[in-house]
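Engineer: Dock chain B against chain A, hints included.
Taken in order, these protein sequences are the chains called A and B.
Each residue of the first sequence is one higher than the one before, starting from 1 at the first, in my numbering.
Each residue of the second sequence is one higher than the one before, starting from 1 at the first, in my numbering.
Note that these hints are calculated values from the structure, not bench results.
Using N, Cα and C, we set each Cβ at its ideal position, and we do this for glycine too.
Among the hints, erroneous ones may be present.
Between beta-carbon pairs, the in silico distance windows are [to be verified]: (1) A:Ser-70 - B:Ser-110: 38 to 48 Å; (2) A:Gln-42 - B:Ser-80: 44 to 54 Å; (3) A:Glu-66 - B:Thr-77: 21 to 31 Å; (4) A:Pro-40 - B:Thr-13: 23 to 33 Å; (5) A:Ser-70 - B:Glu-14: 44 to 54 Å; (6) B:Ser-65 - A:Asp-96: 24 to 34 Å; (7) A:Gln-42 - B:Gly-63: 18 to 28 Å.
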Amino acid sequence: AQSVTQLDSQVPVFEEAPVELRCNYSSSVSVYLFWYVQYPNQGLQLLLKYLSGSTLVKGINGFEAEFNKSQTSFHLRKPSVHISDTAEYFCAVIMDTGRRALTFGSGTRLQVQP
Amino acid sequence: DAEITQSPRHKITETGRQVTLACHQTWNHNNMFWYRQDLGHGLRLIHYSYGVQDTNKGEVSDGYSVSRSNTEDLPLTLESAASSQTSVYFCASSAGVMQPQHFGDGTRLSIL
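Extracted from the complex, chain A is given alone in its bound form (with noise of 0.2 Å):
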């Protein structure tokens, strides 16, 4: 079966410091990785995905992730963070094969203090 660990529940930053999420993920199959972003009371937005191709992949709002398949991890990361990046954010996982269902993880709260 396939997991998702988000290894920080909270991190909290100061504004223009630069951040990093953790995810780690479990599968033993071919895996496609995607970053997602939700706002108070809002439903979810794609920050960025990696299906194939480069390691390294480009999101929305500066951030970037790296996909490292030899320590099965796509951490998300931000040179420099901004108020309004304060959100709650999740890793998910969708494996190439059987359900083909997103997986999330339990998710980072990402707090930017002045």
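Structural biologist: Frame of chain A; chain B shown alone:
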């Protein structure tokens, strides 16, 4: 613009009642999904559909049912609501399995 809408946004009901949450999308997507979101669990898949007349169970399907009679709608029914089903429910749709899912704004359901 295409969108996905959920209704109601908030609902309070009693245990044992039947409850139906609506989800309507104008993306013309074949794939539709229902998730529940609980603190510490992220989003967990309840049911999903890959097209009209197709429905499948997710990881937390007990006590829930769905039906897909057209492309636009996937209503979620709680046959006999239980307090453990108090949660925020999200509907999503996508054009293909590997394509991004578009989410509604959620329904906050409280069962007393």
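Engineer: A separate judgement is required for each hint: does it hold in the structure or not?
Structural biologist: Going through the hints against the structure:
no., hint, in the structure
1, A:Ser-70 - B:Ser-110: 38 to 48 Å, "45 Å, holds"
2, A:Gln-42 - B:Ser-80: 44 to 54 Å, "30 Å, violated"
3, A:Glu-66 - B:Thr-77: 21 to 31 Å, "42 Å, violated"
4, A:Pro-40 - B:Thr-13: 23 to 33 Å, "24 Å, holds"
5, A:Ser-70 - B:Glu-14: 44 to 54 Å, "52 Å, holds"
6, B:Ser-65 - A:Asp-96: 24 to 34 Å, "29 Å, holds"
7, A:Gln-42 - B:Gly-63: 18 to 28 Å, "26 Å, holds"
Taken one by one, the earlier hints fail for this structure at numbers 2, 3, listed in ascending order.
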